[in-house]
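Hey, can you piece these two chains together into the complex? The hints should help.
Residues per chain, in single letters:
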Amino acid sequence: MKNTLIEIAARYGKDEARLMDILMDAQQALGYISKEAMEVIANELKISAADVEQTVSFYHFFARSPRGKYTIYLNNSVTSVMFGYQEIAEAFVKETGCQFGNTTSDGLIGLYHTACIGMSDQEPAAIINDKVFTRLTPSKVKEIVAGIKAGKKVEDLSVETGDGINAHPLVKSMVKNNIMRKGEVIFADYTLGTSLKKVAGMGTQDVINEVKNSNLRGRGGAGFPAGMKWEFCSKAEDTTRYVICNADEGEPGTFKDRVLLTEKAAQVFEGMAIGGYAVGAKLGILYLRAEYRYLKAYLESVLEEMRKNNLLGKGITGKAGFDFDIRIQFGAGAYVCGEESALIESAEGHRGEPRNRPPFPVTKGYLMKPTIVNNVETFCAVTRIIEKGSAWYTTLGTQSSAGTKVLSISGDCEKPGVYEIQWGMSIKEMLEMVGAKDTMAVQVAGPSGVCLNPAQFDRKIAFEDLPTGGSMIVIGKFRNLIRDVVLNFMEFFVEESCGSCVPCRSLNVVLKQRIEKIIAGNGTMEDLSELERLSKMLSMSTRCGLGQTSSNPILTTLQNFREQYEGLVRKDTDYISTFDMAASVKESCEYVDRKPNIH
Amino acid sequence: MSKPIVATTSLAGCFGCHMSILDIDDRILKLIELVEFNKSPVDDIKTFTKQCDIGIIEGGCCNSENVHVLKDFRKNCKILISLGECAIMGGLPALRNGIPVKECIEEAYLHGPTVDGVNTEKVLPNDDELPMILDRVYPCHEIVKIDYFLPGCPPRADLIWNAVAALVTGNEMELPYEVIKFD
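Chains as they are written, first to last, in the working numbering: chain Z, 87 to 685; chain G, 822 to 1004.
For reference, chain G alone in the conformation it holds in the complex (with noise of 0.2 Å):
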């Protein structure tokens, strides 16, 4: 039988639930034996060349972008995981979901403290290239049916290997709490 595949992406997230996949320490070289990855960050494949059996998301979404990539996963992954804080609930990007999209522009773009005084043409990207701002940012569960929700920021590496482990072998999930954690 071939080894299952995997794929994984961040969205709106910072990667820290990317890191926390690499403290699972020498047992990633187990999880070579177990699966093969397909698009990730881990092997820098850009874009699906097969369809994979597990996709892990990181992050939420805040631009068209985000949306676009969690669809292709839909279509590519039979099971979706959404890894950590901002996958599940919108984490630290959707603070600024209490605020208007416009105010949110100018602070990135016209009055932080980055860019105050110095973006004197008051441009504001608008590039077609970029990625389009959405107005609020959204937890991965809304936009596409999501299977599985592994807590935390970011989730522990024992939470993540437990479940990749069991998804691959077919056991049941080990959930010790001292791996589930919600910060």
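Next up, chain Z with everything else stripped away, as it sits in the complex (with noise of 0.2 Å):
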């Protein structure tokens, strides 16, 4: 084991940085993170045990003790729920006579949940080493437990593959992108390289004046100016600079980037390279969630072809100086590692916990480096407003909102998938363009976005009324909103929250418990008030987006469906005690052997 480690350590040039990168390999190499491992490692890179530690402990995909040689991660996000999460649930704790959260007496499989893993659009699906399962029914977990039973490799569980790049040999996977829709920006048809050509030949500001002449906005959902971006990064101090392209998409219900990495990977690294070149970063870093591994390979085979093609690396497209290469930094399980510090912070080997801000990422980032974060669908649109230039750009979209805008859409439709549309539809449009009949609500923007009645069906999807990272999760008419949504989004974010403010990481579980009080018929109209003031608490007091937009499923279905409360609480009485005296005093009588004196 030691050797191994050291080797390992060895291979990440003994950087402390590259934690995570030691980490995943230690966990792929020996099952799982053992504490001795972690001391190791330490002694090798020169740290504390426990600096080691706090880093596994952060994350949802590596273990501290065996998960079996075959580790299932079966999704417990909303559309998971909504397409048969229970039913295959108990399929597999029946096939591999298994509890969630164990593994089998033989250490074979490891049972275990996982929050959203990027499939919305094919759901129930899990991960089994590495390998996305979609579309499960209970006789393919059937199947699947036998196959591994059998001693099968992971790879040959299923032989079936999805479309495009999806077969590809060294993606193999039965994932589909399901690409709906294609618009003028990110699927139209591009020729490689066209853009970074036509960089080499400008001058950085200029790159960085006709990408705030798009009026680009971050297509993660927040909507900061890109150019902007770029231009405060440009003039920062440190002359050491770099870009990260945010690939962590881990909203429910988003799986954008997952297709755009899949289908547009070259795109999206040009769209770096030209960000590099504006910005004057010679390194630049795809963070890309764990969920997304079984890209790796492929996506390491795009970067060494764009090397041979001199489209990375040393003197790009022939120009002296131009230098700019990508590597891949995988993270492991954490939803608020989409947040930018939180995910600086985790592309450095730390807790994914957001830092204070100011200074932000654009002065102190990486390393405290200057730094530009942008998200996968920014960085390819961009190497398309490189070639087709601003002005092209601005005359699609809105005023406020220029340009095309890729949504994940899932749920209660009839054809869920990837949809490039221009900014300013209409709820009601995209509900008619894929297929939505007897929708009661629409999720937007995931679950820290809002929840639409049809009232508002009418708003559009533009940074000027519905912003949006992309995720639309369609609730049909016969769905239990509060008990299937709202509870399912809550237990999200109490899992997620890092636990760094305490507002975020109590108020969460309160709330989530109120929640489950009145949907156990426990409530009060006291119950609603208290929700909207505790919600309204949280919001206020927390670092970062996370704690900032967790009781969102909350306050706007509150506000947008207050008559399904109303009809859960009582309204005879404003209190009601769930106390049960019996039941309390039950195990300590039974222990000191006294019959219970109940009265």
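No lab work stands behind these hints, which were simulated from the structure alone. Where hints are given, some of them may not hold.
Rough simulated footprint, nothing fancy, chain Z against chain G, three-plus residues with beta-carbon under 8 Å [said to hold, decoys possible]:
hint: 1; segment: 838 to 848
hint: 2; segment: 868 to 876
hint: 3; segment: 963 to 975
Derived DSS-like pairs: lysine-lysine, alpha-carbon spacing no greater than 27 Å straight-line [said to hold, decoys possible]:
hint: 4; chain 1: Z; residue 1: LYS598; chain 2: G; residue 2: LYS899
hint: 5; chain 1: Z; residue 1: LYS681; chain 2: G; residue 2: LYS943
hint: 6; chain 1: Z; residue 1: LYS681; chain 2: G; residue 2: LYS923
hint: 7; chain 1: G; residue 1: LYS899; chain 2: Z; residue 2: LYS681
hint: 8; chain 1: G; residue 1: LYS899; chain 2: Z; residue 2: LYS235
hint: 9; chain 1: Z; residue 1: LYS657; chain 2: G; residue 2: LYS966
hint: 10; chain 1: Z; residue 1: LYS657; chain 2: G; residue 2: LYS923
hint: 11; chain 1: Z; residue 1: LYS622; chain 2: G; residue 2: LYS1002
hint: 12; chain 1: Z; residue 1: LYS672; chain 2: G; residue 2: LYS896
hint: 13; chain 1: Z; residue 1: LYS603; chain 2: G; residue 2: LYS943
hint: 14; chain 1: G; residue 1: LYS966; chain 2: Z; residue 2: LYS622
Computed spacing ranges between beta-carbons, pair by pair [unchecked claim]:
hint: 15; chain 1: Z; residue 1: SER191; chain 2: G; residue 2: THR935; range: 39 to 45 Å
hint: 16; chain 1: Z; residue 1: GLU386; chain 2: G; residue 2: PRO921; range: 29 to 35 Å
hint: 17; chain 1: Z; residue 1: SER225; chain 2: G; residue 2: PRO946; range: 28 to 34 Å
hint: 18; chain 1: Z; residue 1: VAL596; chain 2: G; residue 2: PRO921; range: 19 to 25 Å
hint: 19; chain 1: Z; residue 1: LYS501; chain 2: G; residue 2: TYR998; range: 51 to 57 Å
hint: 20; chain 1: G; residue 1: PRO946; chain 2: Z; residue 2: GLU93; range: 18 to 24 Å
hint: 21; chain 1: Z; residue 1: MET611; chain 2: G; residue 2: LEU850; range: 55 to 61 Å
hint: 22; chain 1: Z; residue 1: GLU602; chain 2: G; residue 2: PRO921; range: 20 to 26 Å
hint: 23; chain 1: Z; residue 1: GLU515; chain 2: G; residue 2: ASN992; range: 35 to 41 Å
hint: 24; chain 1: G; residue 1: LYS1002; chain 2: Z; residue 2: GLU515; range: 52 to 58 Å
Just so it is clear, CB atoms sit at the ideal spot from N, CA and C, and this is done for glycine as well.
Have a look at this one:
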């Protein structure tokens, strides 16, 4: 064990900033990361064992004890629940003989839950040893588990392959792209290298101006003007700078970055190189969520191909001094790492806890150097903006929201998948486009966004009305909104809060318990006003976007679906206690051998 | 008009909140001009002799007796106040909430440093007269409806004074930030 770990640490130059990679490799080699392993790694990197342990313990996919030779992570996100999660979970328990959160006694299979894995248009889905299994049915589960028990390799557990690059020999995945609508920017035809050749003949400020003039705003959801971000970074004092592409799409219901990286990876990488040229960075990092590790070999081959074609590496397109390369940094299962400062912390090998801002990453980012962090789709759009010009780009979309947006649409509709639309489309038009009927609600921008009722379906998808990173979950009239959606979202936030800010760590739990109380029929009108009061308190008192928005599922449904809550709470009383004396003294009385004396 | 009647009790608490009540210093003279005390450790009245206006509860509920006392207070008081961390959240006693009851009893009567080697016959108290231990320590508002919460460990004397004075006089409560502390 020791020699393996020493070899792994050496592979990354014993660099403590590469701790995430070292841990991932260690886990792949040893199955899990033991206390002893952490000590060896700490020793090699000359950091304390506690530094290693705090990183290991933060991430969902790092195991501190064995999780089976085959580790099954079944997604329990809202769309999984909508499309049969319960049945699949039961099938896995039955076939493996193992409860969730455990491994089988022979150590063969581990069965665990995980949050949204970016497959919302093909749920229920699970990850087994980095391979994704989609559209699971009880019979498929039976087949998979039988294959595992027969000792099949994980890649042989299913021979089905998806469309496009998913069928590529380096991917061989059953994941489907489901590209339902191609727009003018992202999914249009593009000849690789065109834009890089063009920028090589431009001044760096000209490139920044072009992006600024295009009015391109961040596609992760926050919508910060990309050109302005680049300009801030290019003017930062420190001249060692970095480009980071945020591919940690963890917002439940989002999966468009997965499709972009499957079909348009080179275009994304080209956008990163353009960013590198503009801000004067030599290194780019693609921070990719661990759920997409099945794309690793393919993405590395794309990078290699680009290096061969002089689109990455030294002297890009033959221009002396235009040096830029990209490495892939994997996360290990933490939603909060989608927040840019948490992402940077994670890329440096730390716990993914958001930093206090300012300073912003454009002045102090990766390794405390000026860094631009942009979404996958933003970089992809940059490539096309340079090719076709900012004037062309601004003819698309609306005045405040230029260009197109790639939406990830899932839930109760006939055609879930990825749609590239021009900003400004109304929710009503969107629902028609995806074949949604009898819609009760649309969850825009994921759990941290808003839940709309039908009276609001005329609202437009645009930064000036409904900003979104692209997640759209259609909820049909036959659903139980509070139980299946709101509670699921609150469970998600309880799980994903990094715990750094006390209000986020505790109030999400309190809010979740209130919702459970209401669902159980023990809520009163007072609970509804408490939900509102606590939600507002939470959103005001936390450091990053997670806590600021985690009560949105409650606040927006209280606003738009209040009648559903009122239908659940009791109005004849203002207080209900669920305390049960007999149940609460049972254990202690039994143990000391006395008869409970209840009156 | 007769004076409003106040009752107080300490459940699973340390009496620190009651000490804080006494910390109102000379205002205690003003207090007895304003209110009359009924069941309370302050005057040692053991059982309610009349209907009260304000009940002040220190401590959460860790055993069956706490629950009975608390319910009795709810029955006999118009307004109930959870006073301090333990009443509001369970406080220090609630540190046992993550530990199985069996282990807690073993620690208290068999393995703890003060009993280790002494309780050789391994006697676990089980007389019918004793309160029964609850599975966890409950904050008061999970058992009965609580009208007001005064935070602190203990709550500042000024906070208690301001709250009681406001309730009794009907004036708005003064809440300068200095008097609200959560520890």
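Against the structure, the hints come out as follows:
no.	hint	verdict
1	838 to 848	violated (count 0)
2	868 to 876	violated (count 0)
3	963 to 975	holds (count 4)
4	Z:LYS598 to G:LYS899	31 Å, violated
5	Z:LYS681 to G:LYS943	19 Å, holds
6	Z:LYS681 to G:LYS923	16 Å, holds
7	G:LYS899 to Z:LYS681	34 Å, violated
8	G:LYS899 to Z:LYS235	66 Å, violated
9	Z:LYS657 to G:LYS966	15 Å, holds
10	Z:LYS657 to G:LYS923	40 Å, violated
11	Z:LYS622 to G:LYS1002	21 Å, holds
12	Z:LYS672 to G:LYS896	26 Å, holds
13	Z:LYS603 to G:LYS943	41 Å, violated
14	G:LYS966 to Z:LYS622	23 Å, holds
15	Z:SER191 to G:THR935: 39 to 45 Å	41 Å, holds
16	Z:GLU386 to G:PRO921: 29 to 35 Å	50 Å, violated
17	Z:SER225 to G:PRO946: 28 to 34 Å	57 Å, violated
18	Z:VAL596 to G:PRO921: 19 to 25 Å	24 Å, holds
19	Z:LYS501 to G:TYR998: 51 to 57 Å	56 Å, holds
20	G:PRO946 to Z:GLU93: 18 to 24 Å	60 Å, violated
21	Z:MET611 to G:LEU850: 55 to 61 Å	42 Å, violated
22	Z:GLU602 to G:PRO921: 20 to 26 Å	23 Å, holds
23	Z:GLU515 to G:ASN992: 35 to 41 Å	58 Å, violated
24	G:LYS1002 to Z:GLU515: 52 to 58 Å	55 Å, holds
Figure legend: structure checked against the earlier numbered hints; hints not met, in rising order: 1, 2, 4, 7, 8, 10, 13, 16, 17, 20, 21, 23.
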